[in-house]
Every structure is written in C-alpha cells, then in structure tokens.
Amino acid sequence: MPETLRADGRIVEEDWILVPYPPSNAPRPKATGKAGLARNTGEPAAPAEVLADLAVPATGKVIVPFALWQTRRAELQARFDAGDLALWLDACEEVETLRDAVDLAAVPLLALDFPKAGDGRAYSSAALLRGRFHYRGPLWAIGDVQRDYFAFMFRCGFDTLLPRAGRYTRAQLIDAVASLGLFPHPYQGAVDDPLPLWRRVRRSPEAHATQQ
Amino acid sequence: MYRYDAYDQALVDARAAQFRDQTRRYLAGELTEDEFRPLRLQNGLYVQRHAPMLRIAIPYGQLSSAQLRALARVARVYDKGYGHFSTRQNLQLNWPRIADVPDILADLAKAGMHAIQTSGSCIRSIAADHLAGIAADEEVDPRPFAEILRQWSSLHPEFSQLPRKFKFAVSGAKKDRAALRVHDVGLAFYKDGAGEIKVRVLAGGGLGRTPALAVTLHDALPWQQLLNYCEAILRVYNRYGRRDNLYKARIKILAQSLGAQKLREQVNAEWAHLQDGPSTLTGEELARVSAFFAPPPYEATGEEAATLARLQSLQAGQPGFAAWLQRCVHPHKQPGYRAVTLSLKRAGRAPGDVTSDEMEAIADLADRYSFGLIRSTHTQNLILGEARLDTLFDLWLDAHARGLATPNTGLLTDLICCPGGDLCGLANARSVPLAWAVQERFADPARLSDLGDIDLNISGCINSCSHHHIGHIGILGVDKEGSAQEWYQVALGGNQGVDASLGEIIGRAVPAEEIPGILETILAVYLDARQPGERFIDTFRRIGIAPFKARIYGARERKDQEARHA
Numbered sequence: 001m002p003e004t005l006r007a008d009g010r011i012v013e014e015d016w017i018l019v020p021y022p023p024s025n026a027p028r029p030k031a032t033g034k035a036g037l038a039r040n041t042g043e044p045a046a047p048a049e050v051l052a053d054l055a056v057p058a059t060g061k062v063i064v065p066f067a068l069w070q071t072r073r074a075e076l077q078a079r080f081d082a083g084d085l086a087l088w089l090d091a092c093e094e095v096e097t098l099r100d101a102v103d104l105a106a107v108p109l110l111a112l113d114f115p116k117a118g119d120g121r122a123y124s125s126a127a128l129l130r131g132r133f134h135y136r137g138p139l140w141a142i143g144d145v146q147r148d149y150f151a152f153m154f155r156c157g158f159d160t161l162l163p164r165a166g167r168y169t170r171a172q173l174i175d176a177v178a179s180l181g182l183f184p185h186p187y188q189g190a191v192d193d194p195l196p197l198w199r200r201v202r203r204s205p206e207a208h209a210t211q212q
Numbered sequence: 001m002y003r004y005d006a007y008d009q010a011l012v013d014a015r016a017a018q019f020r021d022q023t024r025r026y027l028a029g030e031l032t033e034d035e036f037r038p039l040r041l042q043n044g045l046y047v048q049r050h051a052p053m054l055r056i057a058i059p060y061g062q063l064s065s066a067q068l069r070a071l072a073r074v075a076r077v078y079d080k081g082y083g084h085f086s087t088r089q090n091l092q093l094n095w096p097r098i099a100d101v102p103d104i105l106a107d108l109a110k111a112g113m114h115a116i117q118t119s120g121s122c123i124r125s126i127a128a129d130h131l132a133g134i135a136a137d138e139e140v141d142p143r144p145f146a147e148i149l150r151q152w153s154s155l156h157p158e159f160s161q162l163p164r165k166f167k168f169a170v171s172g173a174k175k176d177r178a179a180l181r182v183h184d185v186g187l188a189f190y191k192d193g194a195g196e197i198k199v200r201v202l203a204g205g206g207l208g209r210t211p212a213l214a215v216t217l218h219d220a221l222p223w224q225q226l227l228n229y230c231e232a233i234l235r236v237y238n239r240y241g242r243r244d245n246l247y248k249a250r251i252k253i254l255a256q257s258l259g260a261q262k263l264r265e266q267v268n269a270e271w272a273h274l275q276d277g278p279s280t281l282t283g284e285e286l287a288r289v290s291a292f293f294a295p296p297p298y299e300a301t302g303e304e305a306a307t308l309a310r311l312q313s314l315q316a317g318q319p320g321f322a323a324w325l326q327r328c329v330h331p332h333k334q335p336g337y338r339a340v341t342l343s344l345k346r347a348g349r350a351p352g353d354v355t356s357d358e359m360e361a362i363a364d365l366a367d368r369y370s371f372g373l374i375r376s377t378h379t380q381n382l383i384l385g386e387a388r389l390d391t392l393f394d395l396w397l398d399a400h401a402r403g404l405a406t407p408n409t410g411l412l413t414d415l416i417c418c419p420g421g422d423l424c425g426l427a428n429a430r431s432v433p434l435a436w437a438v439q440e441r442f443a444d445p446a447r448l449s450d451l452g453d454i455d456l457n458i459s460g461c462i463n464s465c466s467h468h469h470i471g472h473i474g475i476l477g478v479d480k481e482g483s484a485q486e487w488y489q490v491a492l493g494g495n496q497g498v499d500a501s502l503g504e505i506i507g508r509a510v511p512a513e514e515i516p517g518i519l520e521t522i523l524a525v526y527l528d529a530r531q532p533g534e535r536f537i538d539t540f541r542r543i544g545i546a547p548f549k550a551r552i553y554g555a556r557e558r559k560d561q562e563a564r565h566a
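As you go down the protein sequences, you meet chains A and B in turn. Under the working numbering, the first residue of the first sequence is numbered 1, with each subsequent residue one higher. Under the working numbering, the first residue of the second sequence is numbered 1, with each subsequent residue one higher.
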C-alpha cells in the first residue's frame, strides 16, 4: 500500500492502488536534439493496444488511467459506481475532456501525473479542477513528485502527494514536511488562497525591513 | 526605488535558506544532478565551462548605491573581483564555488537582492526601459508595474515549471528602448485619450534559433487587469506550449503554430474567467507601489539655457567632454536634470565587465551625482539617471578619471557582446576577442562619430544572448564541425524599437579574422550610399541588402577566381 503525504503534513498509508502504464509507454527522450520531455497536450496518452492490454487488479480500490476508463468503461462502470475506481490524468490530457466525460461530483478520487518534475502542466490542471470546475474530492499528485515542489503542489490544489515508490525515506519525508512552512506569505494568489498578498495583509510603505 | 518590507525580506531570506538546504542535499548525494539542476537554475546558478556562473537579478535594471556596493563585495569575497552586466540588465559572476552560493544568496538577501528566477523554465527577472521613470518621452512610469509583476511571478506555484524560459519587458515611453517585440511578453504602457493608463500587450517574440517578432494580443488592456491577463497568457502557454522539444518550446512557437488570431482567442477565453478576479489591481495597490518610485527631491536648477551655455564654454578646451556630452548624456523629464551613461565598453575590456573597485567607484558617483540611484541597461552599460545638468562637467571629470567616460554610447564600439566561449559552456565562438578586434580597428573617435549610431551585436552562439538578430549589424558564432578556426555569420538590418526588424544574413560564414575586414566593407557601402542625416539602419532600409552582398561576396569571388588563375 502506498504512503502519501497530506496537506496537513500527515504521512498516510493509502488503500488505493495506482495502475500505471507499462514502462514501455513512458515518454522516451528523442534520439537527437535536446529533448523529448513529454507528449504535447492533446496527444493520446497511450496507444490503443496498450489500453486494451493493460491489466487492472480484479479487486480493491484502483486508480486507473483516464484513457483506460474512456476505452473500457463498460467493464469498469460497476467498480466506479461502488466508489472503488478512481482516475488519473496524464499531463498531456486536458481537464476539460475529463469534465465532459465524468461527473466530477461522483469521482471518488482524481490524480494528476507529473511525467517529470519539470513538466508543470498538472499545476494548471489542478488549478482548473479546483478553481473552475469546483472539484472538491481528493486530488493526488503522482509521478515525479519531488519534495522541493511539494509546497507548489499544495498551493495549486493537490491535497495528497505520492512520490515515486522508494524515492524518499520516512525521515526525508518528515524533513520535507518541516520545510513546507518556509514561505508563509506568498506574493500571489493560488488555489489555497486566491488572494494576493496585498489583499491578505496591510503592506505599509512606512514599515521597511531594510534601509537601502 | 523599491525597498523591501518585512514580507519581501522574509521571502528572500527563506529562499536563501531553502537553497542552502538544497545545496547541502545535493552535495550529500540526496539530490541527483537532474533533480538539482532546475533548483539551482531557478536560483541563477549555471554550471559553465570552467566554473559555475551565478546570475544575480537586478529587477528592471534598478539598483541603489548600497546594492552596487553589496555586489562589489560579493564579487570580491566569492569571486575574482569583477562581474559582468548582461543584456538582461542582470549581473553575472563567472567564478563562484557551488558550495559558496548559499552564502552569496544570504549576503544578497541582506542587501535586498536575490537571484530568483534569473534562469530556468520559469518567468524570468523582468527587463525594462533603462530610462523608465525619467525619460523625456515617457507617458507612464512602468516601474511600479514591473515591481508588481516581479512579486506576482516570484515563486508562482502554477508557473514554476513552464515549457521553457519566459521573459517580460516593460516600457511606458514613445520610443521602445526595451526591445518589447522580441520578448515572450512585451508590455507597452500608455495613456489613452481620457488619460487612463492602458497596456498594449505583445506576445510571442523571441530570439535564439527561431527569431520572431511579437504579435499584439491586446491593444488597450485596462491596467487593473494586468495580472489577470498575464495569468491567462501564462496558463495557455503552460498548458499548450510544446514540451517534446526544447528548441520549439518557447511561446513564439505556439504563437506561430496557432497564428496570432487563435492565440489571442485562447488567451481572451482564459482571461474571461479571470477578469475582475482577486488579482485585479486596485488604485490603492498601484499607489502603494508607485510611492517607492516617486521622483527624488530635485532641486531648483535655474534656467537650462544659461547652464548649457556655461557647459558649452567648457567644451572648447575639452574635446573629450564635448564628445561625452553628445553621446553619453540623455534628455530627462525633469528640467535641469539629465541621464548619463557610464560606458562599460572600454578598449581591452570585455563588454559589460566591471571590477569590484569600479562598482564601488560608481556607487560613489551615484551618491554624489544621482541620489544614489543606478540603472543597468540591456546594452551592458550603467546609467546615472538623476544627474543635475550643472554638475555634468564635474561628473565627467570624475567618470573620466575612473575610465568610465568613453564617449561611445550608441556608436559602433558600444557593441553588445556575450561572455562567449571563454566562459560559457554553450558558445561556439569566443566573441570577446572579436569585440576587441572591432574596438581596436574602429578606435578613431572622429571616424566613429562620423559613422554615427550603429548597433553591433556579437553572439557566441545561436542562443543569442547578445541579441544579434536585432543588431543593425549582427554577428553570430557558428559551429563548423572539424574546424579549428572560429566562424561567424553576419546579418544586417536588424533593429530594436517600435519599428523592430530581424536581420538578414548576408551570406556564408567566414573565419573570425575576416570579420573586421567585412565590417570595413559594410561600412564603406553605407558611407558611399548615405544621404545626409541617414543612420546606418536608414540607409540599409532604403538600399536593401544587395549592395552589401555584392561588395562583400563579389570581391571575395573575384579574389578566389584570380587566385585560381594565378
């Protein structure tokens, strides 16, 4: 059972099982040039044969790819209705498509994938799910979830973070939790607090911290 | 200028502490090279050819004398006693040790400075008109908006991992001195017929491998919507900018593939959701930030005419002063005041380089002549923006004594040049020795002055740190596999400003030693064709590239033929 980090700093053992794509489908660096970070937005998350062959554990609570849900819905609907099937979105998939395909109020859990820490699309996806589509359920960050970005993820509306298995020791996670409060007064609004600093506090021009 | 309050200070202090911890984890092997890279880049730290390079932010090019002294100290204690002013108006240290960088950032934080987002795939430090707030042709001081944008973009959680770097430039003047049209976003502030501040929002410009001029997204954005609109642009870019290929990841590529109309529609559709949201700027917030940029306590200076006449009389015995007045002194909003360029383009010195001693001397000059205020320019010079007209002779004497009064602003030897292959890990060519060769060849002041305004930009590689695409003459170091020589390609007709244009390549690349000769030929074509009052770029635009090509490559081909027949 995977361990996640919650927004309140708790480390929690989860009863959800994440169903990833097989490794062969992971984004590959291109042969030439500097590149190949990921698929572009709007490209299919996985080829049809990968979706057809993907094995889903027969029992338990599972988080399956959104593309899998779209292609094998009949087979999975009962588990979804029972609240035992959740969905994860690849970074190249648009949250609008998800919103149009699924009743967000009925999904037990959503997860957004970071194929690489440097692929920041899921931040925008999370912000839209929370801010515009009013999704109130659990929102997980999965994939290349690195501790130096935990605070950004929480700010964008994720409430649960699942780093790659084995990436961090428990001590390291606890250390990361301690650093979550480093920036208690961010300048800009985000999902956690939509008000910019200058609407949150009174910034007096008289009270300068430094005299230059 | 802007001064930190307790919130700003706490943020830069925490950032320094955060990077100290990240560096510790990296050095302890807890962070891999790949994991550490984006973290160090977003703190301005590159790993270069010989040593790391630290790029320190000088937001919108504004510095206090105290900050410049802090930079001098940092360069002396942690580096080799000098720094390099870059075309992003920032300061680069070329020889720090990685292990020292946390201490450097902590020292900078004490002086109200940082290196946040001076590199990496994020919103970079914001560039501005170097005469912002003082230019005679300015309608709106863009500095308060630049500061508001600096704060909004600093550690922005949603836009912390963009497809690629994202650069803003701002201006509020009639003349565009900030190269707005070659930025990812260029913001032109102006007043409409009713006296309301509006923003012309340009997007999709950029240089590098695929140079592009920005398109207009909004012609008259109410300033209150500035952050909402920028958020809309960034969200569209973050979601739809290409991520499969770093060379195609800038917003200019998105703008090109969608077309201006489609990009505008997407941004406007996103903005429709954000419009009038919590980030909508208020008059109160603008007033709060603007108060920091209130004019310094100018003194009554009497009639300009009388002062000018006196300066005129001093010119007679001092030809250097006359040339300096003409080239390095610029008009000012405030009667009786001028802006003064301190040239960092000295013979035998890398363009933009300044020693710690010189930084301290400049800080002293700023205290004496300019209310302690200094500006860095994207042409790699410094400016004392608030000099009293009647002090200019004394200022010149002092600047001259320190080697900071080279009267070449805007002339051929005021060339823009990147650090090049001596320091930079990306460069194909060494650029700086070429800059020296040009400066040596064109050292004669009379000849330089006759050639007039010419922007010469030399980049050591296609990343175009020296903006060679928008130089009147742009020179680019190119990679010729297997060649021991350095090769350069020349382009003509680039221009920054309201009528920005991208240079046209004149022909095949040539070895470095031929460049000064080619420059001679280019300038000879110009002088032959020049009509009275025409600058180089004017003549070029009138006659086109053909006469230049013919003279350069025609002569070379004849030479080749003669060599074959001989």
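Just so you know, these hints were derived from the structure itself, not from any lab. Just to be clear, a hint being listed does not mean it is correct.
Claimed, not checked - Here's a subset of chain A near chain B, in silico, CB distances under 8 Å, partners left out:
# : residue
1 : Val-56
2 : Thr-59
3 : His-134
4 : Pro-186
To be verified - List time: in silico DSS-like cross-link candidates among lysine-lysine, alpha-carbon distance up to 30 Å:
#  : chain 1 : residue 1 : chain 2 : residue 2
5  : B       : Lys-80    : B       : Lys-175
6  : B       : Lys-80    : B       : Lys-110
7  : A       : Lys-116   : B       : Lys-262
8  : B       : Lys-175   : B       : Lys-198
9  : B       : Lys-559   : B       : Lys-549
10 : A       : Lys-116   : B       : Lys-165
Claimed, not checked - Here are some chain A residues pointing at chain B (derived, C-beta under 10 Å):
#  : residue
11 : Phe-80
12 : Thr-97
13 : Asp-192
Because the structure is a prediction, the values reported are computed rather than measured. Backbone N, C-alpha and C define an ideal beta-carbon position, used for all residues, glycine too.
Outcome of the hint check:
Residue-level restraint check for A:Val-56 is violated (minimum Cβ-Cβ distance to chain B is 28 Å; threshold 8 Å). For A:Thr-59, the interface hint is violated, since its Cβ never comes within 8 Å of a Cβ in chain B; the closest pair sits about 36 Å apart. Taken as an interface hint, A:His-134 does not check out: its beta carbon lies about 13 Å from the nearest beta carbon of chain B, beyond 8 Å. Residue-level restraint check for A:Pro-186 holds (minimum Cβ-Cβ distance to chain B is 6 Å; threshold 8 Å).
As the CA atoms of B:Lys-80 and B:Lys-175 are separated by approximately 38 Å, the hinted pair breaks the 30 Å bound. As the CA atoms of B:Lys-80 and B:Lys-110 are separated by approximately 21 Å, the hinted pair is consistent with the 30 Å bound. The hinted pair formed by A:Lys-116 and B:Lys-262 meets the criterion: a straight-line CA distance of about 29 Å does not exceed 30 Å. The straight-line distance between the Cα atoms of B:Lys-175 and B:Lys-198 is roughly 16 Å, inside the 30 Å bound, and the hint therefore holds.
Taken as a hint, the B:Lys-559 and B:Lys-549 pair is honoured in the structure, with Cα atoms around 15 Å apart against an allowance of 30 Å. Distance hint between A:Lys-116 and B:Lys-165 is fulfilled; the C-alpha atoms sit about 17 Å from each other, no more than 30 Å. With a least beta-carbon distance of about 27 Å to chain B, the hint placing A:Phe-80 at the interface is violated under the 10 Å criterion. Hint on A:Thr-97 is violated. Least Cβ distance to chain B is approximately 12 Å, over the 10 Å limit.
At about 9 Å, the closest approach between the beta carbon of A:Asp-192 and any beta carbon in chain B falls short of 10 Å, and the interface hint on this residue holds.
Hints 1, 2, 3, 5, 11, 12, counting from the list given before, are not met by this structure.
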